[in-house]
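**Q** Residue numbers for the sequence shown follow our numbering, beginning at 284 and rising by one.
What the hints contain is simulated information worked out from the structure, not anything from laboratory work. Because the structure is a prediction, the values reported are computed rather than measured. Hints may contain errors.
Claimed, not checked - Cross-link-like lysine-lysine pairs, in silico, DSBU-like; alpha carbons within 30 Å at most:
#	residue 1	residue 2
1	354	299
2	407	375
3	407	354
4	375	354
5	429	299
What the hints assert, rightly or not - Simulated restraints on C-beta separations:
#	residue 1	residue 2	range
6	347	390	14 to 22 Å
7	317	292	17 to 25 Å
8	301	373	12 to 20 Å
9	390	284	32 to 40 Å
Glycine is no exception: its CB is placed at the ideal position from the N, C-alpha and C atoms.
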Amino acid sequence: NDIAVLTMDQPVQFSKSVRPICLPGGDSSRAYNGLTATVIGWGSLRENGPQPAILQEVNLPIWTNPECSRKYGAAAPGGIIESMLCAGQAAKDSCSGDSGGPLMVNDGGWTQVGVVSWGIGCGKGQYPGVYSRVTSFMPWITKNTKDT
Numbered sequence: 284n285d286i287a288v289l290t291m292d293q294p295v296q297f298s299k300s301v302r303p304i305c306l307p308g309g310d311s312s313r314a315y316n317g318l319t320a321t322v323i324g325w326g327s328l329r330e331n332g333p334q335p336a337i338l339q340e341v342n343l344p345i346w347t348n349p350e351c352s353r354k355y356g357a358a359a360p361g362g363i364i365e366s367m368l369c370a371g372q373a374a375k376d377s378c379s380g381d382s383g384g385p386l387m388v389n390d391g392g393w394t395q396v397g398v399v400s401w402g403i404g405c406g407k408g409q410y411p412g413v414y415s416r417v418t419s420f421m422p423w424i425t426k427n428t429k430d431t
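All chains should be modelled from the sequences, with the hints used to inform the complete structure.
**A** Here it is as structure tokens:
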């Protein structure tokens, strides 16, 4: 599921590239369909390509799960399930090395709605990237951070 909670020994020093982010609120059914999301990461610039020297950012449309499921078909052995979120378009995608990174929407403030998980290739329009849907894991996140 590409979800983890880390406990730090020391406070994190925030900088231009290290910042806190909001998590989704109480509406666990919010799908974010049709919104534009932003993914950032240090992954390959293209399939089998080099990794960048600077942090990369790309804006991607969020797909509905039924639309994503139709595109993947049998190529997604377990199917596209509710705890997944799909985003991407031709030539715009997360890629190898981005796994675990954030998929974010800006609705007055940045909220992390997904975690880079998997896909077929990079930037192939017929296959959007697949992300872990953060709203599906909020009960687990809340349970595991209640004392922090």
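**Q** If a hint holds in the structure, say so; if it doesn't, say that too.
**A** Results for each hint:
1. 354 x 299: The given pair, whose Cα atoms are some 37 Å apart, is violated under the 30 Å limit.
2. 407 x 375: holds (8 Å)
3. 407 x 354: holds (11 Å)
4. 375 x 354: Measuring from Cα to Cα gives roughly 16 Å; hence the hint holds.
5. 429 x 299: Since the Cα atoms of residue 429 and residue 299 sit roughly 28 Å apart, the hinted pair holds (cutoff 30 Å).
6. 347 x 390: 14 to 22 Å: holds (18 Å)
7. 317 x 292: 17 to 25 Å: Given range 17 to 25 Å: violated, Cβ gap about 41 Å.
8. 301 x 373: 12 to 20 Å: At roughly 31 Å between Cβ atoms, residue 373 and residue 301 fall outside 12 to 20 Å, so the hint is violated.
9. 390 x 284: 32 to 40 Å: violated (24 Å)
Violated hints, in rising order: 1, 7, 8 and 9; the structure is consistent with all others.
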